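If you're matching them up, the sequences are chains W and A in order. Position 165 (the first sequence) corresponds to 165 in the working numbering; numbering is contiguous. Whatever position you read off the second sequence (first residue = 1), add 650 for the working numbering.
No wet-lab data here; the hints were simulated from the structure. This one's a predicted model, so the numbers in the text were calculated from it and none came from an experiment. Where is the CB? At the ideal position from N, CA and C, for every residue including glycine. Watch out, some of these pointers could steer you wrong.
[Claimed, not checked] So, partial list: chain W residues that the calculated Cβ filter (under 8 Å) puts toward chain A: (1) Arg122; (2) Gly148; (3) Gly324; (4) Ile327; (5) Glu403; (6) Glu412; (7) Thr427; (8) Leu590; (9) Arg601.
[Said to hold, decoys possible] Ranges between beta-carbon positions, derived for each pair: (10) A:Ala1146 <-> W:Gly524: 40 to 48 Å; (11) W:Lys523 <-> A:Thr655: 24 to 32 Å; (12) A:Ser698 <-> W:Asp494: 46 to 54 Å; (13) A:Gly1174 <-> W:Asp638: 39 to 47 Å; (14) A:Asp970 <-> W:Arg122: 17 to 25 Å; (15) W:Asp228 <-> A:Asp865: 53 to 61 Å; (16) W:Pro635 <-> A:Asp970: 25 to 33 Å.
[Unchecked claim] Over the 12 Å line for every Cβ pair with chain W, so calculated as not near, a few chain A residues: (17) His803; (18) Gly873; (19) Ser919; (20) Asn1083; (21) Arg1269.
Protein chains: 2
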Amino acid sequence: MTRGTIPAPDRIPAAALRAVVDGRWAGVRQETREQLAATEMHTDPDLSSAEYRAHITDALKLLTSSGRPLSGFDPSVGGRGDVGGVVTAFAMLAYGDLSLLVKAGVQWGLFGGAVQVLGTERHHEEYLRRIIDGELLGCFAMTEAGHGSDVQHLHTTATYDPAACEFVVHTPYPQARKEYIGNAARDGRMAVVFAQLVTGDERRGVHAFLVPVRDAAGHPMPGVTIGDDGRKAGLNGVDNGSLSFDHVRIPRQNLLNRFADVAEDGTYSSPIENETARFFTMLGTLVRGRISVAGGAGGAAQKALALAIRFGERRRQFADPSTGEEIAVLDYLAHQRKLLPALATTFALHFTQDDLVARMHAIQAPGAAPAGAREQRILEQSAAGIKAIATWHATHTIQTCREACGGAGYLEENLLPGLKADTDVFTTFEGDNTVLLQLLAKELLADYGRTIRKGNPLEIAPLAGRQLAGVLAERTGAASLARRLPFRGLDLTDRARRRTLLQVRRDDTLAAAVRALAPALRKGTDEFTVFNAAQDLLLTAARAHVDTLVERSFADALDRVEDAGVRALLERVYDLHVLSVIDRERAWYLETGRLTAAESRSLRPLVDVLCAELRPYARTLVDAFRIPENRLACPMLDDEAWAPVDPVAM
Amino acid sequence: MTRGTIPAPDRIPAAALRAVVDGRWAGVRQETREQLAATEMHTDPDLSSAEYRAHITDALKLLTSSGRPLSGFDPSVGGRGDVGGVVTAFAMLAYGDLSLLVKAGVQWGLFGGAVQVLGTERHHEEYLRRIIDGELLGCFAMTEAGHGSDVQHLHTTATYDPAACEFVVHTPYPQARKEYIGNAARDGRMAVVFAQLVTGDERRGVHAFLVPVRDAAGHPMPGVTIGDDGRKAGLNGVDNGSLSFDHVRIPRQNLLNRFADVAEDGTYSSPIENETARFFTMLGTLVRGRISVAGGAGGAAQKALALAIRFGERRRQFADPSTGEEIAVLDYLAHQRKLLPALATTFALHFTQDDLVARMHAIQAPGAAPAGAREQRILEQSAAGIKAIATWHATHTIQTCREACGGAGYLEENLLPGLKADTDVFTTFEGDNTVLLQLLAKELLADYGRTIRKGNPLEIAPLAGRQLAGVLAERTGAASLARRLPFRGLDLTDRARRRTLLQVRRDDTLAAAVRALAPALRKGTDEFTVFNAAQDLLLTAARAHVDTLVERSFADALDRVEDAGVRALLERVYDLHVLSVIDRERAWYLETGRLTAAESRSLRPLVDVLCAELRPYARTLVDAFRIPENRLACPMLDDEAWAPVDPVAM
């Protein structure tokens, strides 16, 4: 392995590092930083929920004036269709108050986004400007108390009444109430409600409807019952609540009818014949939410690391027996091992997120070539998997950073408690992570099955249940997949070979899942039993798949770096990330004979060496995200508090 | 392996299960349950910090009337000296409001406990009754902003002035302020302050002093500056704050003088000559705090699992393709794998905690035979290690339970957010977990070194720094330790052999640390560099040591079970715990050749089978802790909310 020399920390060319970290939306990043730097700093952590909600609603309205929300919408309503830019800026709101990030996400991403992509001109003209300007605040009412992950089977109904040309929206029983809905408890005037469309006694599956939920004075509309979810672990500036509908009537035109319509006489029509395909097409347009959450998680992890690494450089504990001088906690290997691999993976996910945003932009921005089903499906798969891995990474990293700052990390004034509590729900909203990884695994299985069948590996609707079972059951050759992969005594210091290690794991774990599933399905064992017994294998395969996506994005980013010094630095970060992944999974590599015991034992010392090499650059690296200083300012980092010790007192 | 048959869930003899779970302090447990059942339920999560603190102070005074705090103190002040009982009852407060648990721990465990064990008759007579009755609220002021883990080197001074027969307590610079001190910001009238004792210009090391911090009206005493830590991640019913002293004068008699005294003329005397030994003897008497925190963490983990398992039985997601019926989430393997191994380890730690409490009681209860240095040292080692493992287990388990309940788990009304936030600091207070494990590892090394030297393996003062280096450096035979252990193709289904697997890991990891340290120390490499490079090995060895303690306690508990059905059930729980540990560490077993690849691959299916076997007993098991129903009642478990679905709406 030829490795470049890393210049001294003060000789790293800042502009070159900035360019690679900021990537394609550098302008948007800079603008957002300036806005964050110019606005109010930290929210008082002792606000009541009512006060906090009022504060965030005000902040939301201020955000409107930045013009950023508008820029993401279509030119037809005055926007720039800068889908990628708006998601990039959104993620950076994680440097500030996460309640504002989520409130903005609900208002413009979910509510406004649904009107944009599921509605047609009539909805755009009537509502979008008011949504963008924050004049019409709204909800995205998909999740039900009884059906969160299983959206296709939610129970709210919208039954067409041809006599009145109206839909009747109804909550049939308490568990079918819309729940955890942002903007519901206080501010929302209107909701995009997902409900089973019924016309002429026929069910047509889940569709989205615009339902007014409050009148101008803020009182619930007749038939609408609004609940308040009250205090939450975090995000208490967001007014989450429930919505129930008792035969609420809305005009026929309130169906968001881009993918299906109901004529005055109740005739149903859709350009997509298959109900499941239609459902997933509608859902697919909403992929932006998941990608935004992954981005927000990344921003929060970056901020937590910036706080913990700055603290770790200041905080000293125990004297060096040779010198008598107290040692900065970041100089302890155990402390480095907590923070530096997490930092490396945060970089990896940063580049992965940038790629994901660019791919979404290529498909969704106005004027883009119509997305093939294949591109759309791959984007959705990636978004599901990356969202799961990025949010778990954030939860784990922020927890680690809190612990790394000890008692100081437990005080709200030092910002880590808020980061932890606010982002905690990211692992279970916009798709529960475990469910998302299972869905990804099933998609990978289906693609695999179709490839083997020589069909189109990426048809529009995912194969579910019986169909997937069918595809898998007919195959017998799966076991041979692993053996076809090239493999031989991998050198852990070689980038290409480490990549192969990750790829081998991706392919082998998928093959293992196929091997576990196929015989039982062929034998006719019932599907729940078969898939349930293989859940662990499916989750492993999905995670291994995401690991390769992340590695690829980081490697691609390295290839774009022109400055040799910056490249040398980021190569070490890349090395640390990839070796940490292999180290985490080394039991698998040993079990499958992909690593020898000696190779496996060499992983941890390699990680230790990389930690030591990167230790002097820890600050350079977290500073590369250029989180505005006012958003990091807190008592535990106040330099006056670290004034030199009076030597007399020592 | 002969395994008993587990009776059907409704045939498990409740009394027999209760007896084994309740253990030696069954009476105390029952009484505490009744008190928890009879008192107020959940605290309003939207209280301001000021309101919450007032609420908890009231609750603390109510607790006094239960007589429980008194029971832990010596008969000389009217108590029963039921040290074990009071720690057991304390841990169960985790079923209720954790702010009350911590406030009670500060008042009676830390403040009162320090007066009891570090003070003498004059302090007992003057203060203990008022402390027990909650009339004199106080602080335990050990931690400084600049010195948390490294207590021996804290910087507050108490300088004796023979002219006035007074100590002058002083905070020499801002980072030497006492920080994160419970009872400081609002209620405390007096503090046990740990400071460097100086008399006749000679430093005598850290001692404890009684310092009044507020007058009767609640104003800071002259020279005392009190800070408020403000809002924290959790525990906002506790008034944490800082204390600084500007040449504050206290009478000579305010030195807690059990282990050292200063005569009127300033002459220093102590029955323990060595300063370090004296320091660790004083610290050792405070072991109760660490044991109490481990217990509280256990109670919180039990409650989180009770909530998540009940929810997992009610919550249904996705239909079984064969039956069309929706499946309870706890029937999914992935869900079982999240909760059931955590439940098994929670049982293991419950029995471990009971043993630890009994060992402490045997040493500390009035009338106990004077504790040998050896017993005291082993108790301290165990307490440090178990505290670290139990609190990390609680943090991880509660996080998992929150995620397992999805959106419902994020609402404060469903209790999981409070459990998570309140217990989060347990991993870093009463000793930072990473530091505790390192200390344990160094003690194990020292004992090992002494054993090899044929000296007393457990002398009173731990060997630190240079001494430890000396013991290790002189040894050359360490590498042979591992080879002397019996080992041969272990059967994973055999209890004795699995125990051997854990023991082998304990011994081998310690030997690996010795092998890594000894040559470098012999070569004279500086100590910081040598120990720092081995930190990872030290932490591994400490954790492996605790794993064997936990296994032993669980196995001993099994041996005490008389009822065959209960034993059969708990044996499966034991199996799941131990296999999960081996599974977690399987990379190490593979790397060292202790498990073959085939054996390692068989672990996860074995865990899966145990999860499936225990699934029907999940509720029986969490119910065995008999957490009062009023402390588990929350909307997500409200049976009315789970009313059967209207079939017409399906």
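Consistency of the hints with the structure:
1. Arg122: 30 Å, violated
2. Gly148: 6 Å, holds
3. Gly324: 11 Å, violated
4. Ile327: 7 Å, holds
5. Glu403: This interface hint holds because 6 Å falls under the 8 Å limit.
6. Glu412: 4 Å, holds
7. Thr427: 6 Å, holds
8. Leu590: With a closest approach of 4 Å, the W:Leu590 hint holds.
9. Arg601: 5 Å, holds
10. A:Ala1146 <-> W:Gly524: 40 to 48 Å: Since the Cβ atoms of A:Ala1146 and W:Gly524 sit about 42 Å apart, the hinted range of 40 to 48 Å holds.
11. W:Lys523 <-> A:Thr655: 24 to 32 Å: Because 29 Å falls inside the window, the suggested range holds.
12. A:Ser698 <-> W:Asp494: 46 to 54 Å: 58 Å, violated
13. A:Gly1174 <-> W:Asp638: 39 to 47 Å: At 41 Å between Cβs, range holds.
14. A:Asp970 <-> W:Arg122: 17 to 25 Å: Given range 17 to 25 Å: violated, Cβ gap about 41 Å.
15. W:Asp228 <-> A:Asp865: 53 to 61 Å: 44 Å, violated
16. W:Pro635 <-> A:Asp970: 25 to 33 Å: 54 Å, violated
17. His803: Violated, because the least Cβ-Cβ distance between A:His803 and chain W comes to about 7 Å, which does not exceed 12 Å.
18. Gly873: About 17 Å separates A:Gly873 from the closest Cβ of chain W, which puts it past 12 Å; holds.
19. Ser919: At roughly 25 Å from the nearest Cβ of chain W, A:Ser919 sits farther out than 12 Å, so the non-interface label holds.
20. Asn1083: 8 Å, violated
21. Arg1269: 20 Å, holds
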